[in-house]
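Student: Take a look at the letters that make up each chain.
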Amino acid sequence: MNVPVKSLFDRLGGANAVNTAVDIFYRKVLSDDRVAPFFDNVDMDRQIPKQKAFLTMAFGGPNNYTGLDMRKGHKHLVARGLNDSHVDAIIELLGKTLKELGVPDSDIAEVAAIANSVRNDVLDR
Amino acid sequence: MSAHIGYGNAQFEARSDESVLDCLTRNGVSVPHACRSGVCQSCLMHADEGQIPEAAQKDLQPAYKKQDMFLACQCRPEGDMRVSLPEHGLLDIHAIVSAKEMLNHNVMRVRLLTPTPYECEPGQYITLLNADGLARSYSVANNPDADHFIELHVRLFKDGAMSAFLAGANLGDSLIVRGPAGKCFYVAEGQRDYPLMLAGTGTGLAPLYGILRAALAQGHTGPIHLFHGVISEGDLYLDRALQDLAAQHSNLLYTPCVLNGTDGKGYFAGEIETAVMTAVPAEKDSARLFLCGAPEFVNGMRRKAFLAGLSSKHIFADPFLPAKPVAIAA
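Protein sequences appear in the order of chains A and B.
For the record, in the first sequence the residue sitting at position 97 is 107 according to my numbering, with numbers rising by one throughout.
For the record, in the second sequence the residue sitting at position 240 is 247 according to my numbering, with numbers rising by one throughout.
Since the hints were derived computationally from the structure, they do not count as laboratory data.
It cannot be assumed that every hint is accurate.
Among the chain A residues that face chain B by a calculated CB cut under 10 Å, a handful are [said to hold, decoys possible]:
hint, residue
1, ASN29
2, VAL32
3, ASP33
4, TYR36
5, ARG37
6, LEU40
7, SER41
8, ASN51
9, ASP53
10, MET54
11, ASP55
12, ILE58
BS3-like cross-link-like pairs, simulated, lysine-lysine; straight-line CA separation at most 27 Å [said to hold, decoys possible]:
hint, chain 1, residue 1, chain 2, residue 2
13, A, LYS60, B, LYS311
14, B, LYS291, A, LYS109
15, A, LYS106, B, LYS291
16, B, LYS291, A, LYS60
17, B, LYS311, A, LYS62
Quick reminder that beta carbons are idealized off the backbone N, C-alpha and C, glycines included.
My request is simple: use the sequences and hints to build the entire structure.
Tutor: Okay, structure coming up:
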């Protein structure tokens, strides 16, 4: 009998994993001097749903992200100096979050690759 | 691709990215409004024709949505619309001022009687409208359904239009109540043993007082810690009542925080943030934190508490937004 291969999103634990990871991830972001300044005047209430949407996408889950959304959503940050080093930092913090949750390195690499795939849209180039 | 907005017999052209509220006021139409941030619901309007953008109905009560109501300040039309002001009586409740009492030098307790028991959760807010169309939001400080009146704590501002109106109002005067709205209220969720922290500045005490009494009435067994932050000693209010309440309930702690206070006077002398942070309970996964008051306090405190380990879904906050006049562009 063939056992269907579970998708990345299912292996990570689906929506429950997103809900568990979001606080750990966002806490790391707000505590990291490299990226925290971009979130200084951001309303946490509005930011948590956005972070969940991002994690869902990065975890390979269902999402409605388009390249255009990514460009529009980050344009004001690019104007404030958002660059490759910040995207690197976010992917690093994402990896640390998953490591803490006991996710295997191979899955972390897959998540990092998905997050990396929107780099050019985020940086508007 | 600008949209046309029909109102009465007139037709206006909305500028790109202009809200219905801005477009109407720019053209001299008087629409009640206050926060212009989609919170107070003062600018509630009815869509007679046309598509209501999703953002204009976000967080509106389902009953309002069903009746094609929307918030004019959040409505950037995606096509032509015909709009009208809601008729009073359809959604609004007439209330009369039944009691007024100064709680300290600038906070007035106002009680309003409604024709039928007013259903709302303590901690939610309502919007008051007077006959002139003046609108302001206030947190409900009690459980109106059980008490048969609505209690508000109104801070009297020197140039405050609504507070001046209320200060001058006579018992028996009538007002319109709209609402309630807000998600900052106590939900027992089956279990009542989690630590509950309530922190507010100024009249941010009002909703917390309501939440506190609801939690006690519903038999909350976990520790409850109430913090009230003020600038000077004279700004404290309901201090005696809260001291008494804490004496009656072994699980209730009350910490008044006076920014310009002096040590050894029975309160915490210093910033309320400091007092709250030193009291964060060990049960960080289950503890709930309610925040009310000045936006700088609420937003800063929320971030600090979250970084200290409290779960984002357990931090509830309704920042008090100031009324913003409409900037009329030339």
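Student: Each of the hints needs a verdict: does it hold here or not?
Tutor: Do the hints match the structure? See the list:
1. ASN29: holds, 8 Å
2. VAL32: Hint holds; VAL32/A Cβ to chain B Cβ min 7 Å, cut 10 Å.
3. ASP33: holds, 5 Å
4. TYR36: With a minimum Cβ separation of about 7 Å from chain B (threshold 10 Å), the hint on TYR36/A holds.
5. ARG37: holds, 6 Å
6. LEU40: holds, 6 Å
7. SER41: holds, 6 Å
8. ASN51: holds, 9 Å
9. ASP53: holds, 7 Å
10. MET54: holds, 5 Å
11. ASP55: Result: holds, 7 Å to nearest chain B Cβ.
12. ILE58: Holds. Min distance 5 Å.
13. LYS60/A <-> LYS311/B: Holds - the C-alpha atoms of LYS311/B and LYS60/A are around 20 Å apart, at most 27 Å.
14. LYS291/B <-> LYS109/A: Measuring from Cα to Cα gives roughly 21 Å; hence the hint holds.
15. LYS106/A <-> LYS291/B: Status holds; Cα separation ~21 Å.
16. LYS291/B <-> LYS60/A: Holds. LYS291/B to LYS60/A sits at ~23 Å (cutoff 27 Å).
17. LYS311/B <-> LYS62/A: Roughly 20 Å between the alpha carbons, so the hint for LYS311/B and LYS62/A holds.
In the structure shown, no violation is registered for any of the earlier numbered hints.
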